[in-house]
Amino acid sequence: MRNEKLIILILRGGPSFYRRLRSRIYAMIFNTEKLTIGRNVSLSGTNNIYFGRNVLVGNQSWLAAINSGKIIIGDNVSLSQNVHIAANQCVRIGNGCLIGSDVLITDHNHGYGRELIYVPPKERKLIIKGSTEIGENCWLGDNVKILSGVVLGSNVVVGANSVVTRSFPANCIIGGIPAKLIKKIQ
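One rule links them: number in the numbering used here = place in the sequence shown (from 1) + 4.
If you are wondering where the hints come from, they were derived from the structure by calculation, not from laboratory data.
A portion of the hints provided could be inaccurate.
[Claimed, not checked] Calculated cross-link-like contacts (lysine-lysine; reagent style DSS-like; alpha-carbon spacing at most 27 Å): (1) LYS184 <-> LYS133; (2) LYS74 <-> LYS38; (3) LYS126 <-> LYS74; (4) LYS184 <-> LYS126.
Using the sequences and the hints given, assemble the complete structure.
Right under this line is the structure:
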């Protein structure tokens with residue numbers, strides 16, 4: 005009889021009940037508050053993934069802490085759907101960031117060059133230029149790619165479809181392929 009009441013409660017709660025339950029379970033697992041994980045999210049290397057308070061991870065996102073790599077996400081961060089974060093060393097996202105859909109943030113690549121042309125990319129040694137860091141209150145538009153070793157200062161806006169291959173200081177708007185300084189924010 006007790007199980008029947010629980011089943012009725014769950015069924016009446018519908019999808020929102022499952023979302024809230026899943027969020028509470030993830031918050032307990034990652035020892036944080038208000039962690040919302042969307043549907044079909046893949047988390048690998050969870051011992052090295054750290055979430056701040058009030059974080060949203062959108063549907064179909066993929067966070068991978070490879071080997072001893074760390075992913076550190078600050079407070080009040082929102083990752084839209086299909087965000088891929090991969091860390092072999094460290095990827096850090098500061099407080100208050102908004103990350104658009106279909107964004108890649110990584111600290112490594114699979115190498116390229118004449119000597120590697122016949123080696124399948126998956127079999128190549130990972131190349132790490134350094135940790136990738138995004139400062140506080142940054143906004144990354146949809147389809148942005150942040151590559152290995154990039155450090156963005158706080159309050160940086162990255163235009164949609166940009167590929168960021170180098171670091172930029174705080175308080176600026178950047179965009180393009182490769183990303184260039186568009187405007188300093190005063």
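Hint check results:
Our distance criterion of 27 Å between C-alpha atoms is met by LYS184 and LYS133, whose separation comes to about 19 Å. Distance hint between LYS74 and LYS38 is fulfilled; the C-alpha atoms sit about 21 Å from each other, no more than 27 Å. Only pairs whose Cα atoms come within 27 Å are accepted, and LYS126 paired with LYS74 is accepted, the gap being roughly 21 Å. Distance restraint check for LYS184 and LYS126: the Cα-Cα separation of roughly 30 Å exceeds the 27 Å cut-off, and the hinted pair is therefore not satisfied.
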